Amino acid sequence: MDHFKPTIIRNTSIAQNYFELEFTWPSHSVPLPGQFLTLRIADQISPLLRRPFAFSGFNKEDRTASIIYEKRGPATSILSAQLPGEALDVIGPLGNSFPAPINDNRPVLVAGGVGMGPMFFLAEDFLKHNIHPLLFLGARTKAFIPNLDLFQKVQTLISTDDGTAGFSGTSVSCFQHYLETHENHQKVSGYEVYACGPNPMMQALDRFSRNQSWPTWLSMEQTMGCAVGACMGCVVKVITNTPPPQGFAYARVCTEGPIFPGHTLIWEENHGQQ
Amino acid sequence: MDHFKPTIIRNTSIAQNYFELEFTWPSHSVPLPGQFLTLRIADQISPLLRRPFAFSGFNKEDRTASIIYEKRGPATSILSAQLPGEALDVIGPLGNSFPAPINDNRPVLVAGGVGMGPMFFLAEDFLKHNIHPLLFLGARTKAFIPNLDLFQKVQTLISTDDGTAGFSGTSVSCFQHYLETHENHQKVSGYEVYACGPNPMMQALDRFSRNQSWPTWLSMEQTMGCAVGACMGCVVKVITNTPPPQGFAYARVCTEGPIFPGHTLIWEENHGQQ
Amino acid sequence: MGNSNFQPDLRVTIGSLTMKNPVGVASGTFGYGSEYEQLIPLENLGALYTKAVTLEPRPGNPIPRIVEAPGGMLNSIGLANLGSRGFVQKKYPYLKSLPTQVIVNLAGSQVEDYCETLEYLEEHAPLGGYEVNLSCPNVQCGGMALGTDPLQVEFVVKELRKRTAKPLIIKLSPNVTDITEIARASEAGGADAVSCINTLVGMLIDTKKKKPVLSTITGGLSGPGILPVGLAAVFRVKRAVKIPVVGLGGIMSGDHAIQYLLAGASAIQVGTANFVDPEATRTILKDIYHYAKEHSLESITDFHTLMYPV
Amino acid sequence: MGNSNFQPDLRVTIGSLTMKNPVGVASGTFGYGSEYEQLIPLENLGALYTKAVTLEPRPGNPIPRIVEAPGGMLNSIGLANLGSRGFVQKKYPYLKSLPTQVIVNLAGSQVEDYCETLEYLEEHAPLGGYEVNLSCPNVQCGGMALGTDPLQVEFVVKELRKRTAKPLIIKLSPNVTDITEIARASEAGGADAVSCINTLVGMLIDTKKKKPVLSTITGGLSGPGILPVGLAAVFRVKRAVKIPVVGLGGIMSGDHAIQYLLAGASAIQVGTANFVDPEATRTILKDIYHYAKEHSLESITDFHTLMYPV
Ligand SMILES: Cc1cc2nc3c(=O)[nH]c(=O)nc-3n(C[C@H](O)[C@H](O)[C@H](O)COP(=O)(O)OP(=O)(O)OC[C@H]3O[C@@H](n4cnc5c(N)ncnc54)[C@H](O)[C@@H]3O)c2cc1C
Ligand SMILES: Cc1cc2nc3c(=O)[nH]c(=O)nc-3n(C[C@H](O)[C@H](O)[C@H](O)COP(=O)(O)OP(=O)(O)OC[C@H]3O[C@@H](n4cnc5c(N)ncnc54)[C@H](O)[C@@H]3O)c2cc1C
Ligand SMILES: Cc1cc2nc3c(=O)[nH]c(=O)nc-3n(C[C@H](O)[C@H](O)[C@H](O)COP(=O)(O)O)c2cc1C
Ligand SMILES: Cc1cc2nc3c(=O)[nH]c(=O)nc-3n(C[C@H](O)[C@H](O)[C@H](O)COP(=O)(O)O)c2cc1C
Ligand code: FES
Ligand code: FES
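Chains as they are written, first to last, in the numbering used here: chain A, 2 to 275; chain B, 2 to 275; chain C, 17 to 326; chain D, 17 to 326.
Calculated directly from the structure, the hints in this document are not laboratory data. Treat the hints loosely; a few may be bogus.
Restricting the straight-line Cα-Cα distance to at most 27 angstroms, the calculated cross-link-like pairs of lysine-lysine (DSSO-like) are [said to hold, decoys possible]:
| no. | chain 1 | residue 1 | chain 2 | residue 2 |
| --- | --- | --- | --- | --- |
| 1 | D | Lys309 | D | Lys36 |
| 2 | A | Lys72 | D | Lys227 |
| 3 | C | Lys226 | D | Lys302 |
| 4 | D | Lys226 | C | Lys302 |
| 5 | C | Lys224 | B | Lys72 |
| 6 | C | Lys174 | C | Lys227 |
| 7 | B | Lys154 | B | Lys129 |
| 8 | C | Lys226 | D | Lys36 |
| 9 | A | Lys72 | D | Lys302 |
| 10 | C | Lys302 | D | Lys36 |
| 11 | D | Lys36 | C | Lys224 |
| 12 | C | Lys302 | D | Lys227 |
| 13 | C | Lys225 | D | Lys302 |
All values derive from a computational prediction rather than experimental measurement.
If we strip away everything but chain A, and leave its shape as in the complex, we get (with noise of 0.2 angstroms):
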């Protein structure tokens, strides 16, 4: 982890209301997937907090990073007013990040909204290690999906709530629908699951995948203090063995976390959040 002033390099529009920021990389770290950065917006005490976003992509030759964010409040309007040339105040990479896939289990990536970013970022580095994930990528209406090279190069499936663009319905019953609808998977030795949306999403996924005993890797949001475990504000509900013993701990999104296991989680106090 690292504290430096990367410099924008593009930052665009690519759906409505979604930015990919792309930026300089002057740091000897290697972001991984799954990984995050914080920015600190502005030099101003409101938006006071860093924000958190994870990598979208990571270009080793350039060195140049990127993010995809959503506008959503005061922190992510100002950043979607920046210009290339600009500077940004970012600490990273952070947390832990998606680990490969056990034996040969097929990669399925599920997307949700903002959960784009590290699953772009992670189908790329399956590619460059030639495993082929299949990505499935949901949104409320057609607006919020991105046209991207990307989906040229994996298999990606679109599900929209309104069913203005691919599959209607949520990508969680958009992946089981292509379960039921290609016997193929019996074929591949099973699947793992990497998943990045908002929480009924994950939970969906996961409860589905717990049924079919496919490992789930799930990346968890909180809103952060320090976002390099100091504060234990970012805390999610995990089970747990060891003391205090109620069967359960709280553990750090950025530090244990972002991703966890989803058999790990204890859904119904994380549900808070979202």
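Based on the hints, put chains B, C and D with the ligands in the right spot on chain A.
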């Protein structure tokens, strides 16, 4: 007084750290020399309060108004980055204005630093009424002195503390020096002094003009809350015969001012602000 | 998503008084109304709480009296006002004609001051009701000490109660260990409502001049930064008393005001925000109205039961 | 304008302990140091105040625990920590090697907890000293009640004093009617210093979800918005006790820190600002140093006499 959102026409540097902001005036009101407006600089909680600025000019035909401001803190820094075409959030015109000189008194306008705006406006206004004022403009150093057409039309005496331009010394001593070296001040029936600038300058001027029995009109500054007379925050201490019976009262710069007759001000306390 | 014909009734009742809507303007930030008449239509206000009135005129505190703070402002006005007689002569004629409820904010140094002022106003300046400022942090021996002792609070409220049938709203200070205790004392004394919060005690120092910015060293902190403090106070006070709670502190937007209503406030007051945007009350009222419609809230009390499970 | 050879001595002495400079990091905002070691050189810190340590491990409060507030943030971490034994095993080895003074922040629910925790740490994890958190607003029956009653405060401090010769710094809550009273009780109990302020009780409500944002309804408000409250507290406490005062609350910049020193603080702590800019402590120390040089202040106590005439 009106609350409206005029458009920036011009926002340019006229001297080191000094900017002239010209904007549309889509209101029926007509700002007078000495009056001010308040700006809500940004839709943020910091800077929070509206900032007061005196008018530096008003064009009745084009319906445009202007202010001259110094970049000093958060609000004026943000303002200095705003561009033509952007909207301003204005309340104005506010406060009282400079009165015309009595009898045939020759108006002497003394401007220190940010006080120049209202003095330029007043000078232009006198010219329109065929009155020929004397303008003293003081600054710390040459870099803070703008170069304006006005100086061709009005007899202008510049002074700098460090002697890099014009008279070496304060605008008040420049005025005094002028009087000593120009016997013609005997010929006019007298002077009437108008000033806007730092409190020490205005106090010195007040003391001097009291000795000469010249009417003196001083534009005062105080941090403002409401700027419309409601909060009692922006007061200066003035001599009074009315209750409260202490022989003093607090008069609101935004309402009873910003222009006060010099001899009514109780300087000891009013210094607090600067 | 309520149906479009649905019309929430946003009137607020405090004692014998009805406000046409829950959005008032806070004492000390709106003068006596006339100051803002050119900027907003005063008839849209649910209530106007005047600047504090004391028995005798007060010049107020020395200069400087105001400074911006991070996310707020500090003031040390010090109850500058014309006194009860000046109020009756100079302010009452205008105020009585206003198409909104006018609540006179009362302040003083001791119980007798409050009583005498109230008596005088009852006789010479009958208006909508009284907000009793037991909590101003900017006066020497003033309301502050009085407002922090539950026994004294109950006593002064009882004394005032004897002297008026009009609504008595006791304004609470956040600068106490347990604000609910003071609220309960107000209720016990016979108050019709409590309002909270007044400003927080704060201070800023000018490191260049090497002295406190305010002439009185400390002053009262208001503005958006205190929003969470006001909300916590209202939430707790609402659960401690049965009388209505008027919420204020840091309200800049409709969302802030709605938070207060959800926390249990029956009405709100807008203070510092008037300085920033004189139209704040209008926007806030509009947002409250739309929220009520959207959630099919028929009246203000419906806001109080919306939060689950608290 | 001091001469350029002049070197201010910015060391701070609290009880038997000397900090190399007045800039510390506040409890709960800097973990146990290791979390920030990749971002800043820890040897530049005057002191590191650990996250609260309790006798037994605590999981902390339910989710969500943090929300941004206007000009600040609310937290409800709830003393999540490994407990005294976990601290000794997992944190002490690293902390004891740090090139800065480590002050252990102690918390508990009752006097016995504090005493036992301190005894255990005295034996198994001797570090620089203790900051006693009698003021955390986010625990049920916890420190809050304890920290608001002067008699209890004096008692607990006396008990702790018996058990250690190391510096005892009592951390004061701003959520009291008179903070100087608690400060005097701490002094009377034998404290070496007091630190103030802890967070203010605050609350925010999510009007879309119709519930409080924090799981615990109310939480602790920190960040720039509370700066004036902290400064007023330090100013008043400094004039009420003879022991050193450690100032904190809302410090984001060197200017803020210098305001605390002028108000009477002997040292300061940086809390929320670490989250925003991990290098805040470095900038702040540099600014303090330059200010001291510029004003020819030889030591921290010279800051205390700089303000005239207060
Ligand atoms: C590990 C992680 C990775 C993320 N990756 C992405 C991403 O790739 N793209 C993307 O668009 N968004 C991502 N987010 C969410 C992103 O941080 C928020 O969208 C952003 O903080 C919103 O800030 P705002 O001021 O625009 O909106 P706000 O109005 O402040 O907040 C909108 C939402 O963001 C959440 N939020 C606010 N502050 C924080 C904070 N300090 N830390 C975490 N969440 C906060 C709030 O809970 C709220 O629900 C990620 C969050 C986490 C924790
Ligand atoms: C009647 C009047 C007319 C003025 N006319 C001009 C003008 O023509 N040109 C010009 O450059 N400046 C003028 N000023 C001063 C101007 O208001 C300040 O320069 C401005 O507020 C600075 O804001 P800032 O955030 O940039 O700096 P800050 O760092 O906030 O403040 C710098 C200085 O401005 C003062 N100030 C801050 N806030 C306010 C406020 N709300 N009201 C009044 N003063 C404040 C402070 O006391 C401080 O000394 C005038 C002030 C008054 C009262
Ligand atoms: C300039 C100013 C003057 C005030 N004067 C009074 C007063 O006379 N009486 C009173 O009860 N409260 C007074 N207050 C407190 C406000 O009524 C209100 O309680 C406080 O400002 C918090 O609300 P806000 O954050 O919306 O401003 C004053 C506040 C300000 C800012
Ligand atoms: C996330 C968080 C956790 C905290 N945990 C503790 C704690 O365990 N013990 C304690 O005494 N104070 C704790 N505090 C309070 C801080 O130490 C400090 O008193 C407060 O945040 C005010 O300072 P600031 O405005 O600089 O943050 C915590 C504060 C925050 C923001
Ligand atoms: S954000 Fe502080 S521990 Fe994760
Ligand atoms: S600024 Fe409020 S009375 Fe002048």
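query = Tell me, which hint numbers fail for this structure?
reply = The structure breaks hints 6, 9 and 10; every other hint is satisfied.
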